[in-house]
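Dock chain B against chain A, hints included.
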Amino acid sequence: MSDKIRDYIEQSFLIEFDESFPEDTDLFKEGVMDSFGYVQMCRFLEKEFDIRFSEKEITGNVLTSLTRIREFVLQKKRSENAGADTSS
Amino acid sequence: MCGIAGFFHPALTAEGFPSTLLEMLQYIAHRGPDASGYVVDERCGLGSTRLSIIDIAAGLQPLSDQTERYWLCYNGEIYNYLELKAELEILGRPFITHSDTEVLLQAWIHWGPDCLQRLNGSFAFALYDRDEDELVLARDRYGKRPLFYTPHGQGLLFASEMKAFLAVPGFVFEHDPQQLASIAATWTPLPEQTGFSGIHNLPMGHWLRVRAGRTETRPYTKLDFEAQIKVADVAEAQTLIRQSLRDSVALRLRSDVEVGVYLSGGIDSAIIALLASDLSQHPLSTFSVEFADRQYDESAQQQEMASLLGSRHHALTITHRDIVDHFPAAAWHAEIPAFRSAFVPMYLLSAQTRAAGIKVILSGEGADEAFLGYDLFKEVLLRRQWAALAEDERRTQLARLYPHLEHYGPQDIAALTGLYQQFSEERLPGLFSHELRFQNGRFAARLIKNAGDPFQAISALVATTPGYTEMTPVHQAQWLEFKTLLAGYLLSTQGERMSLAHGVENRCPFLDPAVINLANSVNLRFDDGFEEKRLLRQAFAEQLPQSIVHKRKFPYRAPDSAAFADCRPDYLELLLSTDEIAKIPFLDGKFVQALTKKIMSSAPTEISTKENQAFIFLLCLVFQHRYFVQRANRPTMQTINSPLLRAIDLRRR
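Taken in sequence, the protein lines are chains A and B. Read left to right, the first sequence gives residues -16 to 71 (the numbering used here). Read left to right, the second sequence gives residues 2 to 654 (the numbering used here).
Since the hints were derived computationally from the structure, they do not count as laboratory data. Computed from a predicted structure; not experimentally measured. Where is the CB? At the ideal position from N, CA and C, for every residue including glycine. One should not assume that every hint holds.
DSBU-like cross-link-like pairs, simulated, lysine-lysine; straight-line CA separation at most 35 Å [claimed, not checked]:
(1) B:K379 to B:K223
(2) A:K30 to B:K223
(3) B:K223 to B:K552
(4) B:K598 to B:K450
(5) A:K(-13) to B:K599
(6) B:K552 to A:K39
(7) A:K30 to B:K552
Taking CB as the label site, the calculated pair distances span [said to hold, decoys possible]:
(8) B:G453 to A:R26: 31 to 39 Å
(9) B:P170 to A:D1: 43 to 51 Å
(10) A:D1 to B:P114: 52 to 60 Å
(11) B:P114 to A:R26: 52 to 60 Å
Just chain A, with the same shape it has in the complex (with noise of 0.2 Å):
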């Protein structure tokens, strides 16, 4: 999963990761993240991961950095997961 993402943000920004440009970089602080890329970037995460992001997850700041991005989406999988083998 985390190469898929991290490809994606490499492709998409045309900026690579690796010493100088570390995985916990904030992407808006560093000017990496404009407006109509992060929209791109929620619409592929939920498609890709098949999850869906409601507003009040995403006012934490989850979405700032790959570090935080690979967190979030492994921690909504999980619960959505155990979501699903509760019901079942």
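Relative to chain A, chain B alone:
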């Protein structure tokens, strides 16, 4: 309309003054193909190339007073020149011609720099006082007409377009990477920027004096948005809007030649066309750009408006190939990198307008800045309130803001919420309103290596502008729009530089001080600003087609990188070749190639706005570097010979 050029105490030998001046004028002959003229003495040279609009026979330039102390060369129109002339006649000033040039000269002689505030017009001029050995340059308050200068010797060189400096022996153009990064990040140059080291744009609303080796620049007006007119209710606001625009259009129809209108398909130019048609003695000529690529096309509304007015309508259909073929010539005229290709169709439209025999047109620029027409203003209002709003209120306002955009649909409310959360607090002091836009601009700024903070210049500008900090967030947004996008792109690169490339003068009735004052007094008084230009639409709702009155803002745009990916012109080698890119040492070659490859290998739908902008900026820059810095052959264009009708040599006297 005209082009002006000249020098004052330059590091040049006086024997060569006339030939250098004539060659400078030749570079800007497209601005004034009807006549040219110059005056030189041992210290100074002033030249003009003229497009004759008012008092065609007598308006020759440069013009002097009877004593030959003052000499003026002037580009533009003073729309209230008849009123000023009447006032000056009462004060005893003598007049020989009926031209506005002479009114400006006499106004300066009588009032000095205090005359500038009295001028309602679009102008740039150079005035030489032989007795005082002093040169003055000045520019209109909104930046409709250009005036560039560069220090030279004990004085300076000046011109309406920087290309005139190519004629000056020994002159070298060099790009300034810091300025270029600022232009890329903020989309447009700041008032003084040109992208070139040592060349300044005289800021709008300023005048400059050179005397005894010293140059000083001063503002003569300030841009603010405080309400100055008492307006009781909506009905009165609408009446005043109709009246002020009618007066403004009437002033701008003052001309000895026929005046046409550019019809975009939107409400602003429709209002101008309606009023011009009402006030004209003859059927109106209208001109429009249509696009083969339907997503940009507004021809349905253009034609509806033209048939309502019964105008002689001329439509020009633009294809991808047109944009690609004419991009180099348009970039030559633009001189400063742009972030959209939409100036190229305007270059072609002016050629068609001129061919139809029209050399003055009215257009709708300024309405969105004056009457809050852009989404940006609504975004500011919402972002300011953001922290205080409940979740459902945020959702409602976001849905009101973005009902129309393909890329911001209702399914994206959660994503937009996250985005607004990131931009609900000010990060760049004084630039809150533009932070969303500037965030996109940071991408293009990456084209420039080691450029540092691209917002340093604009941060310094707002920090040193008196009264800026005290403005409301919306007024700050307006201020920034007037100083950047409007003057730095819409009026210049997309506006007058393209129209004058073919000797067509553009006039903007919304940019009249009386109209702006009125807009300041009614904006956000009777509505919350979320229905853009509501009062303006309502004021003309009964006279215009409903399809235009109720049409949402549809920004004038043209196909950007898609046109180049589609047509793949040979000149893209300039971006793909490592050797070519290496000729521009401040470009980040790796990023340039990654961007170009992505543009060329992806479907247009996969290319984002920021990538389109960076690509167009890059392409402009590469051409301008070739033409100005490397001095490679400029694009092939028709040679214009503006006949030399005045040549005054005061060196012999």
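Hint check results:
{"no.": "1", "hint": "B:K379 to B:K223", "in the structure": "25 Å, holds"}
{"no.": "2", "hint": "A:K30 to B:K223", "in the structure": "51 Å, violated"}
{"no.": "3", "hint": "B:K223 to B:K552", "in the structure": "33 Å, holds"}
{"no.": "4", "hint": "B:K598 to B:K450", "in the structure": "19 Å, holds"}
{"no.": "5", "hint": "A:K(-13) to B:K599", "in the structure": "18 Å, holds"}
{"no.": "6", "hint": "B:K552 to A:K39", "in the structure": "33 Å, holds"}
{"no.": "7", "hint": "A:K30 to B:K552", "in the structure": "33 Å, holds"}
{"no.": "8", "hint": "B:G453 to A:R26: 31 to 39 Å", "in the structure": "34 Å, holds"}
{"no.": "9", "hint": "B:P170 to A:D1: 43 to 51 Å", "in the structure": "49 Å, holds"}
{"no.": "10", "hint": "A:D1 to B:P114: 52 to 60 Å", "in the structure": "57 Å, holds"}
{"no.": "11", "hint": "B:P114 to A:R26: 52 to 60 Å", "in the structure": "56 Å, holds"}
The structure fails hint 2 only (numbered hints given earlier).
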